[in-house]
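Engineer: So you can see what is in the structure, the chains are spelled out below.
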Amino acid sequence: MHSDKAWSPYLAGGLSGLVSILSVWIAGQYFGASTTFVRIAGMIESVFTPERVAQLEYFVRVAPRVDWQWMFVTGILVGSFIAAWTSGTFKKQWVPDMWNSKFGHTPVKRGFMAFFGGAIAMFGARMADG
Amino acid sequence: MKLIILGLITGILFGFLLQKARVIRYDKQLGALRLMDMTIVKFMLSAVMVSMVGVYILHDLGLVELSIKTTILGANIVGGILFGIGWGMLGYCPGTSLGAIGEGRLDALWGILGMIFGAGVFAEFYPALKNTVYTWGDFGKITLPQALGINHWIVIVLFIIFGILLFRWFEKKGL
Numbered sequence: 001m002h003s004d005k006a007w008s009p010y011l012a013g014g015l016s017g018l019v020s021i022l023s024v025w026i027a028g029q030y031f032g033a034s035t036t037f038v039r040i041a042g043m044i045e046s047v048f049t050p051e052r053v054a055q056l057e058y059f060v061r062v063a064p065r066v067d068w069q070w071m072f073v074t075g076i077l078v079g080s081f082i083a084a085w086t087s088g089t090f091k092k093q094w095v096p097d098m099w100n101s102k103f104g105h106t107p108v109k110r111g112f113m114a115f116f117g118g119a120i121a122m123f124g125a126r127m128a129d130g
Numbered sequence: 001m002k003l004i005i006l007g008l009i010t011g012i013l014f015g016f017l018l019q020k021a022r023v024i025r026y027d028k029q030l031g032a033l034r035l036m037d038m039t040i041v042k043f044m045l046s047a048v049m050v051s052m053v054g055v056y057i058l059h060d061l062g063l064v065e066l067s068i069k070t071t072i073l074g075a076n077i078v079g080g081i082l083f084g085i086g087w088g089m090l091g092y093c094p095g096t097s098l099g100a101i102g103e104g105r106l107d108a109l110w111g112i113l114g115m116i117f118g119a120g121v122f123a124e125f126y127p128a129l130k131n132t133v134y135t136w137g138d139f140g141k142i143t144l145p146q147a148l149g150i151n152h153w154i155v156i157v158l159f160i161i162f163g164i165l166l167f168r169w170f171e172k173k174g175l
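Respectively, the protein sequence lines represent chains A and B. The opening residue of the first sequence carries number 1 in our numbering; numbering runs sequentially from there. The opening residue of the second sequence carries number 1 in our numbering; numbering runs sequentially from there.
Any given hint could turn out to be false.
[Unchecked claim] Covered stretches of chain B (chain A as the covering partner; in silico rule of three or more C-beta atoms under 8 Å from a C-beta of chain A):
1. 1-11
2. 44-51
3. 97-104
4. 123-134
5. 149-155
6. 163-173
[As the list claims (entries may be wrong)] If you only want the chain A side, here are some residues facing chain B, beta carbon under 8 Å, derived:
7. Leu15
8. Gly17
9. Ala27
10. Ile40
11. Ile44
12. Phe48
13. Ala54
14. Leu56
15. Ala84
16. Gly88
17. Val95
18. Ala119
19. Met122
20. Gly124
21. Ala128
Note that these hints are calculated values from the structure, not bench results. We put the beta carbon where it would ideally sit given N, CA and C, even for glycine.
Sequences and hints are given; from them, build the entire structure.
Structural biologist: Next comes the structure, spelled out in structure tokens:
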């Protein structure tokens, strides 16, 4: 059975709040995602320059390893896939609809914008410790 | 090991709810930034309103510890502005970019690669930033109730009233 009707954002948001309370209670963990990107960057750099990663202060503070948050971020992908697949809303696309209506079907331009946007956003997120 | 499994289960539940509310899409994120569609604001504020009550009850009972981030005006403001610019360009948050991949929005893949790159660049800049932005307006680990010198439940109740009024306004305006 397919039902592609969206849930109320108040309901889904409220339930997310309950999940986060349980997470703090049971696991002692608060929701977050951006630290994981530092760990992954450290993991990738460790393949090429392990000595350098071991010396960089920031990678000492945020060690390149799999932890609760790393699995939480991975879980978001899995949970989203389950919800999308079971509701028939999984749609493979390289250019979002709003982008398409403004800038046309330009996947390369979209890719560059997403990459550099991501780089700036993550630099800012780490600086603000968010 | 237990924490690893709990992390995965928590992420699956959260990712499921994010997708069900359709809040991980580029169109929804840009819709909020362009003040056209407040779906993600409704989702986020609802989550915050529920969890602030639950977490503070558990904290008052001595069952959990708070995780308070340091308030440093320089790093928070400069970092926040940079994050905003990047978010507007990417159209996904760090967490929701993974959810976007989960529902087939593959342009998020470039964003994820960019974010890993940005994290690596930040690690290089960190020593220089420590002597600059991280020294501007350091207030330490303070909370709003502490700064105002009032009981945390006053702040929580006021926040919830504000949230409900905002929701009512969104619905009236059809946002």
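Engineer: State for each hint whether it applies.
Structural biologist: Verification of the supplied hints:
1. Proximity of the segment 1-11 of chain B to chain A, defined as three or more residues with a beta carbon under 8 Å from a beta carbon of that chain, is established by the 9 residues found.
2. With 8 residues having a Cβ less than 8 Å from any Cβ of chain A, the segment 44-51 of chain B passes the three-residue criterion, so the hint holds.
3. Restraint check on the segment 97-104 of chain B versus chain A: 8 residues with Cβ-Cβ distances below 8 Å, three needed, restraint holds.
4. Coverage of the segment 123-134 of chain B by chain A holds in this model, with 7 residues showing a Cβ closer than 8 Å to a Cβ of that chain against a need of three.
5. Remark: the segment 149-155 of chain B is not confirmed as covered by chain A, as 0 of its residues place a Cβ nearer than 8 Å to a Cβ of that chain, below the required three.
6. With a cut-off of 8 Å between beta carbons, the segment 163-173 of chain B has 1 residues touching chain A; three or more are needed, and the interface restraint is violated.
7. About 6 Å separates the beta-carbon of Leu15 of chain A from the nearest beta-carbon of chain B, less than 8 Å, and the hint is met.
8. Interface hint at Gly17 of chain A: satisfied, since its Cβ lies 3 Å from the closest Cβ of chain B, which is below the 8 Å cut-off.
9. Given hint, Ala27 of chain A at the interface with chain B, holds; its Cβ is 4 Å from that chain's nearest Cβ, closer than 8 Å.
10. The interface hint given for Ile40 of chain A holds, since its Cβ lies 5 Å from the closest Cβ of chain B, which is under the 8 Å cut-off.
11. Taken as an interface hint, Ile44 of chain A checks out: its beta carbon lies about 7 Å from the nearest beta carbon of chain B, inside 8 Å.
12. A cut of 8 Å between beta carbons decides the hint on Phe48 of chain A: the least distance to chain B is about 11 Å, and the hint is violated.
13. About 12 Å separates the beta-carbon of Ala54 of chain A from the nearest beta-carbon of chain B, more than 8 Å, and the hint is not met.
14. The interface hint given for Leu56 of chain A is met, as the beta carbon of that residue sits about 5 Å from the closest beta carbon of chain B, less than 8 Å.
15. Evaluation of the Ala84 of chain A hint against chain B yields a held restraint, the C-beta minimum of about 4 Å falling below 8 Å.
16. The beta carbon of Gly88 of chain A comes no nearer than 11 Å to any beta carbon in chain B, farther than 8 Å, and the hint placing it at the interface is violated.
17. About 6 Å separates the beta-carbon of Val95 of chain A from the nearest beta-carbon of chain B, less than 8 Å, and the hint is met.
18. For Ala119 of chain A, the interface hint holds, the least distance from its beta-carbon to any beta-carbon of chain B being 4 Å, beneath 8 Å.
19. Hint on Met122 of chain A holds. Least Cβ distance to chain B is approximately 3 Å, under the 8 Å limit.
20. The beta carbon of Gly124 of chain A comes within 3 Å of a beta carbon in chain B, closer than 8 Å, and the hint placing it at the interface holds.
21. Contact between Ala128 of chain A and chain B, as hinted, is supported at the beta carbon level, the nearest pair being about 3 Å apart and thus within 8 Å.
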